[in-house]
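Dock chains B, C and D against chain A, hints included.
Protein chains in written order, with this note's numbering: chain A, 3 to 346; chain B, 3 to 346; chain C, 3 to 346; chain D, 3 to 346.
Because the hints were derived from the structure by calculation, they are not lab data.
On a predicted model such as this, the values are computed, not experimentally measured, just so you know.
Don't take each hint at face value.
All copies of an identical chain are treated as equivalent in the list; a pair is satisfied when it fits inside any one copy or across any two copies.
What the hints assert, rightly or not - Once the Cα atoms are required to be at most 30 Å apart in a straight line, the calculated BS3-like pairs of lysine-lysine come out as: (1) K18 with K92; (2) K247 with K134; (3) K205 with K67; (4) K67 with K134; (5) K205 with K92.
There are 4 protein chains.
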Amino acid sequence: MVIVMERTATEEQIQKVVEALVEVGYDVHRSTGASHTVLGAVGSPRRPVDPRALELFAGVREVVKISEPYKLVGRTFKAADSVVDVAGVKVGGSEVVVIAGPCSVESREQTLETARAVLAAGATILRGGAFKPRSSPYNFRGLGVAGLDILEEARAETGLAIVTEVLTPGDVEAVARVADCLQIGARNMQNYSLLDEVGDQPKPVLLKRGMSATIEEFLLSAEYVLARGNRNVILCERGIRTFEKYTRNTFDVNAIPLLKRLTHLPVIGDPSHGTGKWYLVAPVALAAVAAGADGLIIEVHQSPDHALSDGFQSLTFDNFAALVGRAGAVAQAVGRGVPDTARL
Amino acid sequence: MVIVMERTATEEQIQKVVEALVEVGYDVHRSTGASHTVLGAVGSPRRPVDPRALELFAGVREVVKISEPYKLVGRTFKAADSVVDVAGVKVGGSEVVVIAGPCSVESREQTLETARAVLAAGATILRGGAFKPRSSPYNFRGLGVAGLDILEEARAETGLAIVTEVLTPGDVEAVARVADCLQIGARNMQNYSLLDEVGDQPKPVLLKRGMSATIEEFLLSAEYVLARGNRNVILCERGIRTFEKYTRNTFDVNAIPLLKRLTHLPVIGDPSHGTGKWYLVAPVALAAVAAGADGLIIEVHQSPDHALSDGFQSLTFDNFAALVGRAGAVAQAVGRGVPDTARL
Amino acid sequence: MVIVMERTATEEQIQKVVEALVEVGYDVHRSTGASHTVLGAVGSPRRPVDPRALELFAGVREVVKISEPYKLVGRTFKAADSVVDVAGVKVGGSEVVVIAGPCSVESREQTLETARAVLAAGATILRGGAFKPRSSPYNFRGLGVAGLDILEEARAETGLAIVTEVLTPGDVEAVARVADCLQIGARNMQNYSLLDEVGDQPKPVLLKRGMSATIEEFLLSAEYVLARGNRNVILCERGIRTFEKYTRNTFDVNAIPLLKRLTHLPVIGDPSHGTGKWYLVAPVALAAVAAGADGLIIEVHQSPDHALSDGFQSLTFDNFAALVGRAGAVAQAVGRGVPDTARL
Amino acid sequence: MVIVMERTATEEQIQKVVEALVEVGYDVHRSTGASHTVLGAVGSPRRPVDPRALELFAGVREVVKISEPYKLVGRTFKAADSVVDVAGVKVGGSEVVVIAGPCSVESREQTLETARAVLAAGATILRGGAFKPRSSPYNFRGLGVAGLDILEEARAETGLAIVTEVLTPGDVEAVARVADCLQIGARNMQNYSLLDEVGDQPKPVLLKRGMSATIEEFLLSAEYVLARGNRNVILCERGIRTFEKYTRNTFDVNAIPLLKRLTHLPVIGDPSHGTGKWYLVAPVALAAVAAGADGLIIEVHQSPDHALSDGFQSLTFDNFAALVGRAGAVAQAVGRGVPDTARL
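So here's chain A without its partners, still in its complex pose (with noise of 0.2 Å):
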């Protein structure tokens, strides 16, 4: 932590603070300006100080926080890539996974008819919500446990690994019996209950940006998952909030190498949800892989034009198999494996 101190602070002022470093555990080491007193506070204290609460002390200018407050997940703790398994799909190796499905699972034959689709034309893993959140109490909310019995038929007939969601803490043990990995979505990235509940059991999670959560506050989220003693986490970036009007949410492009950089986690992308328009998802999902995407998430639906449901942002069969087409070439193109599906 840096505290500069005001232009006009007092030696009295300046001893307040120091003293109050001193008290908690900190070293601290005081560069004296022409114009400003800067005080460097390092070492672990006894106990966690909010920097803004140093801005509180008389004749402090401004106090600047160094560290960062995630340890597990950075590339100072674990400088190597980590790989997570999924009931055998390596996510975050040479190869560029692709998870595929409905937005929700609707009904057993629209369930299976897309698992055989999206296997056909290379997805690993199969993705589709039994649990839904929704905005709105008087929207479907999803098929429940129902739901998750389609998704171990679909897993038994085609070898695809399970993604669905979980909303909260009571849920996770019949869902983790069902999944090979468990979501996490945006609007509960920092439900902390439930972050413990999915770190204290050993199926990996696929944690996804909340949608105006900063990439420190990601991290942090997945902080709570490891801290916990499960080090399967995968991280998707799915779009943050901002005043642009005509898409649903603005794909943070940006965050994809941002987050290679600063976690040793696999970073996939979700294009479905990061448009919000079937007819941007392509070039999306192929701008993530070019950018160092592990992954991407996508929603398939067997005829998004007929039916009236979520089908807005998914692709249909045909188009999906024209994107794993093209991610594959992208993907050969940044140096990266295709995805190959002959193993299942």
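Here is chains B, C and D on its own, set in the frame of chain A:
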């Protein structure tokens, strides 16, 4: 819902949209203009349709939803102001209510001393966090149940009603046993399991706006609680996240008169989180009252300039007392009564 | 400037940074801690250095600037409030000044009628756009010089001072010949040629905050004007762009007390643009006064509900008069004088 | 325009709205539903009406505009891609064009050396600022006319076309005498006098998106230039301002395919300003190409790690050359040609 067709849409394309809408139960009205055909879909369809799904039909240019998705919270449903009774304190009536207390319940002494001070200054409800949401897993997460006991003692001594945050569905029962009003924090505004749970019990709910929630999303979250049967919801504007870095959040003062226009529920302001700087709390609190807020919720700490705690956005006892006085004067200037603690 | 070195930085890397700083004229102070070395660069270098440039040095983790880049507008330079005299109207003194008038000068009758009405209600300065910035090239861009003549006539008849916008350096002379105060609109807050030009002439300047300008950028734009010799600048908060779609802009009420703390210049609020909805103008105007604004600038139109013009954020004469009365009451409640038009 | 009436609107209120619309020249179509009456206003009114003005009528619930306000820039006006010729370099054709050079023209040596290096690496247009917009009046504002002479010399030696920024209408003639393409910076995207001026001369215009401009506003600013007769406009996404603090801006990759869908004008990406960190420039540049950008504009500096200048977002010569190679591979992967400098 209004569907605007492309200038180039064919009659066949228009018919396909009309049929799809009729199929789910809409009445469709068609306007044919020189350049665009516009379809109005009205009535109560058998199942909810996301307007964006219609954008997938060939020939559709734009789809606009017209019915507010919320019902019970709207002025259309109930025109008169709702008054929420928190253990005898009326929120939403003619008087501007002041809720105050420490950020966290740190100790028995700190809490009791603060409770006495805020009572003396004119507060009628005591706030204080026993369960604290924290961005980092390494920060203090509150005293938990022990904190609830301290709050109970503070109520017994001072007569102040108690509002405190609940973080997860499993804690609702325990918190509701002590609290007079349950707070749902900004990070949990879209934690639907938690909203369901507080909707299923009778204690009033203080719902904070999510840091990047639109007004519509905020009202829909309140709708979750009302839809479960609990109509005692107080809405709280607490600042939104913007690009501005100087302040922690941007207090959205527009939201206060806007919410008062759209909903019958009481609306209060939280200038402590809404600014994040103690020296901005008083002027922004006065602004909230001038804009029509039904109350204020303010962090107060016995010695924010000494303790290395969350004091950066708390007022001292003296500053708080001065603020309550001025808030009363502003309340009178806009035709509201002033807080009166004689009844306690 | 404070430079925080990586935990792993070598002595050689640290020395390279020190040498580079010394070379351009900084005094460098070094703090060596258990985990990080921190360098404090103080003094007046021979040429300005962007802190981000230092991030390029090997071993540097983070660079933080500490000196405010603005000087003349800061409280450090001048502690006492500046009072700007607009043709006899004092802005920034004990009284809250009300500026009002139509969005655009549309005709002689409309402007004169409005001028009489706002004078009667208590305004002391007339606003009205002769040159209008419009997002679309196909919209009405104002009457131009003919509009200035109408404003001149309104002043002659009513005694109100005149503020009107200037859009481009080439028009400054013509506008300054008529106006008592030159308005720089939000879109031009960083139009530096224009800032230079209004800084080179003596008429007061009303500078609006850009729709996504930080407080620091806003103050730096004011610094442009002061640096050219014109110290008569009035700052105007007029709403910032956020994700919220219900309102046109989000009025940043935090900015008012924050600016009053950082700068000696007067600060006014524009609730018409800050909300974009006529029914939010009055409560947000009162909020601005309660938060410490030195004045208000408000759009008024003789019949906003009839004309298909920009009336959506304008008040009627009656609503405006009612607002001025309540603003006076709020001003008194926070210890300010009320507007007095008897002098005109 | 679609006007949705309140559930409670009276027949008289509906008639008043219909009459007002008919009066200015609209055809009005009425749909009467169970809960709402919806009015569709189509045709070409005699004067433009702001939809918000209609919200002032009693009984109106919501007004939605349907016609895009831009014309000449839209795909409806011209379906085929426009190719802009910058001194022989085709922007918007099958090849991805690379524009590169220093942030500022600092000296003859620096500019010539950089020009040679970017030519060798595959750039076909040289960028470099002679007139620089700076937030602070105390920062270096460029060499001005002397900088233009240096750019002219660089073109003479290398054959590279020249793009450079113009800040104010009075400089357009001088800059256009030297430059092959005039850049309008992000801060000036809504400087309409400047847009008019560059629209009145024949040199191509590179228009950067404002830092908080919506896509619609961006297109409307381009419309200003086309409406004056200059159809040679290149659009440039350069990052938008969001809450994220780690990066300078958030590169809006969604904007690239969205703009390509809405307009026939070429679209390029600026990853240097779009990220503000040199280590994010290459991955985000590749992302822009994968998303369908017609070109890149990149800051390059001979020794960003030595000079205490704007190097923080510039690439070294080596990094730039490596990027051009990879950009070519990604361009091929998405079916685009690669840059070819043999013609120079």
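Evaluation of the provided hints:
1. Taking the shortest alpha-carbon separations for K18 and K92, neither the intra-copy value of 54 Å nor the inter-copy value of 42 Å comes in at or below 30 Å.
2. With identical chains, the CA atoms of K247 and K134 are at most 30 Å apart both within one copy (24 Å) and between copies (25 Å).
3. For the identical chains of this complex, K205 and K67 are neighbours neither inside a copy (34 Å) nor across copies (40 Å), given an alpha-carbon limit of 30 Å.
4. Only between protomers do K67 and K134 lie at most 30 Å apart by alpha-carbon distance; the minimum there is 22 Å, versus 38 Å within a single protomer.
5. With identical chains, the CA atoms of K205 and K92 are at most 30 Å apart within one copy only, with a shortest distance of 14 Å there and 48 Å across copies.
Going through the hint list in order, the structure does not satisfy hints 1 and 3.
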